[in-house]
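*Asks:* Residues in the sequence shown are numbered consecutively from 1, following the UniProt record's numbering.
Incorrect hints may appear among the rest.
[What the hints assert, rightly or not] Taking lysine-lysine and the DSBU-like style, the derived pairs with C-alpha atoms no more than 35 angstroms apart in a straight line are:
1. Lys15 to Lys198
2. Lys198 to Lys210
3. Lys110 to Lys244
[Claimed, not checked] Derived Cβ-Cβ restraints for the label pairs, each shown as a range:
4. Lys149 to Lys244: 36 to 44 angstroms
5. His83 to Gly170: 42 to 50 angstroms
6. Lys157 to Ile247: 23 to 31 angstroms
To be clear, the hints were calculated from the coordinates, so they are not data collected in a lab. Just so you know, these numbers come straight off a predicted model, no measurement behind them. Just so you know, even glycine gets a beta-carbon here, dropped at the ideal spot from N, CA and C.
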Amino acid sequence: MKTLTLKDGTEIFYKDFGSGQPIFFHHGWPLSSDDWDAQIMYFLERGYRVIAHDRRGHGRSTQTAVGNDMDTFASDVNELVEHLDLKNTIHVGHSTGGGEAIRYAAKYGKGRVSKVVLIGAVTPYMIKNENNPKGVPIEVLDDIRNNTKNNRYQFFKELPIPFYGFNRDGAKLIEGLRDNWWRQGMMGGVKSQYDSVKAFSETDFTEDLKTVDVPVLVLHGDDDQIVPYEATALRSIELLQKGKIIIYPGLSHGMLTVNADIINKDILDFIKS
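Use the sequences and the hints to build the structure in full.
*Replies:* If you want it as structure tokens, here you go:
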């Protein structure tokens, strides 16, 4: 296992395979780097170097009681990037990882980041308010917090159903995928996951999106039941200097796994463009 001990003593687990231009993957809540299996194999086989880490408090990294916020997450990524001396890197973030990726790129990426891909990302801001009428009501996030704190073993069995769109007419439940989501979630620390709900839902990434001057690809399913595309993707593209957007009809929040053939090709086309 590869780990890096950060300045504050937190150990970050990471995978680092292959050679060539680096692609750095940022996972969603409450998962781990294992959620990128389909992308790791696809891009590794096409000659890229692939790096994916477990965010602090998630997966095999230290279960931290502090630092479970976007500024710290981005700083952690920066320490790992500098340790590996990554340059000309494509950063790909899903959901919470999209917020982490764009904050890292805005604060630390100058001269190291070549492109960014945001998949079902929480940017620029998730909570419903007068400026974001299509956002998620705070009561929904409070329910996620409550279930994570008191009932996560059952909640993590139920959440993959809307996450992957298994509740839609004609959808086939993939039990192994549901179990793998639960496995990843239960590997993480409850305190970190609880705190991270605030981090992914209440952090405002508006200035990060405006600041990043490299090409950014925004990918989102229009049937995303977790992160509504109208509140996030459609607002993000308006803020980006060099943005491109693809909205996929009928695809879910978990499209990077269940529709990996589509998503991977579009990411590859963007990288090569």
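*Asks:* Does each hint hold? Answer for all of them.
*Replies:* Now for the hints, and whether the structure bears them out:
no., hint, in the structure
1, Lys15 to Lys198, "holds (27 angstroms)"
2, Lys198 to Lys210, "holds (22 angstroms)"
3, Lys110 to Lys244, "holds (20 angstroms)"
4, Lys149 to Lys244: 36 to 44 angstroms, "holds (39 angstroms)"
5, His83 to Gly170: 42 to 50 angstroms, "holds (46 angstroms)"
6, Lys157 to Ile247: 23 to 31 angstroms, "holds (30 angstroms)"
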